[in-house]
Amino acid sequence: MILTICVFILVVILLILTILFKPSINIKGHKIDIFYIAPLIGALILIAFKKVPVNEIIKAFTSDSNVNPIKILILFMSISILSISLDELGFFKMLASKAIKKCKNNQFSLFFTLYFLISVLTIFTSNDIVILTFTPFICYFAKNAKINPIPFLIMEFVNANTYSMLLSIGNPTNIYLSQFFDISFIYYLKIMILPTLFSGIISLLILLALFYKELKKPMQAININTYEIKHNALVIINLISLIITTVLLVISNYINIQMWIICFISACSLTLVLFVYEVIYKKDKILFNVYKRLPYSLIPFVLSMFIIVLSLEYSGITIEFANFLSNLSYSKETTSLTYLIASTLADNFINNIPMSVLFSSILSNVNQYREIAIYSTIVGSNVGAYLTPIGALAGIMWISLLKKYEVKFEFISFVTYGIIVVPFVILAAFIGLIIVL
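Counting in numbering that gives the first Met the number 0, the sequence shown runs from 0 upward without gaps.
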């Protein structure tokens, strides 16, 4: 047990340091993620010292259950293909340019337009992709219109990590926890509508209160060209594919097809369409760019953390932690608050993906009020992303992107806004969860 605890603590420390100071390296112009190295080495050490049986790992990776991390990763990667391909085809850029063009010289108009657009796109695609696509547009527009980009950038990040709660496919953490506990797409949606809506409204009100004076300032009118989509047919096919996938996910429980299979078939179909299109027309390298942008580093990251959590479970540590949290959870209300706060804080110690893997094991040992504990953890895995940059990998990428566009926004600024917004959002989500559960 002592070795397992020591390895876990060391992995967490190294993970935080890597995420903060060196999440990736450049080799001959190629960016290579290294944040998963510490968990990978930690997992290998635990296997070498037989702190987790190899047959248990093989059993977990080959099981026919939703707990299988391979299935969860296939589901996430498949959804990423659908989202990234839309981005590569210029769909998000086109919408962003049109939204900015219509707002003319009114900051409030721009703020609400982007708020609505980011909310909708986040729900149906990927919060990370939306953040990384809209950030350059906001930086460019703010610089030319001579306005402060911070209100729009904070709104974008908070909004994308709030509305990502609504669907089980909105965030890797949602995918992992909903699949682990065999929650259907439609049931998840039914539970999360109210907490997401309450969280979205309260976060908007807080942001408006924070930035009201800044948004009242006039902005210089600029001309911006609407981004033209080069491959309209592919965009239409991609959107149809996304719609069909979403509909099938909604009814997956009734047609008795697992969610990962639906997403995998959709991704393969779209891949085939893109391949045939490029072979026939020999235009661009869309398919190559899509697969190049896939978050492959999440594969060793998730699998390594899964093995580490298996060792914690095998040593009886997760049961002890579950008992500790259970002592604080003597009612539905205290259970929800306990797991909301614990998961949000844990996000910012070990990142939201490892947190979800760890808490899935902890929640498996919870008997009373388990359902509200699960959904509270899901909320925490999303909201915790905007407490500090450690909360989600997107936070680190976002901060790096702001430096690239010469926007002054330091770690402490991120935390300051997070401390102001997060407690109110947690409270709003708590009220929503208490009503529906």
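Treat each hint with caution, since some may be false.
[Said to hold, decoys possible] Here are the simulated EDC-like cross-link-like pairs (lysine to aspartate or glutamate), alpha carbons at most 16 Å apart as the crow flies:
1. K229 - D283
2. K291 - D86
3. K145 - E405
4. K97 - E227
5. K284 - D86
6. K229 - D86
7. K50 - E213
8. K331 - E277
9. K142 - E213
10. K229 - E277
11. K58 - E227
I should point out that these hints are in silico values taken from the structure, not numbers from a laboratory. These numbers come from a predicted model, not from an experiment.
Each hint, compared with the structure:
1. K229 - D283: Given pair K229, D283 holds - Cα atoms ~10 Å apart, limit 16 Å.
2. K291 - D86: holds (13 Å)
3. K145 - E405: holds (14 Å)
4. K97 - E227: Roughly 10 Å separates the two Cα atoms, so the pair holds.
5. K284 - D86: holds (13 Å)
6. K229 - D86: holds (12 Å)
7. K50 - E213: violated (55 Å)
8. K331 - E277: violated (55 Å)
9. K142 - E213: holds (15 Å)
10. K229 - E277: Holds, because 13 Å separates the two Cα atoms, which is no more than 16 Å.
11. K58 - E227: Status violated; Cα separation ~50 Å.
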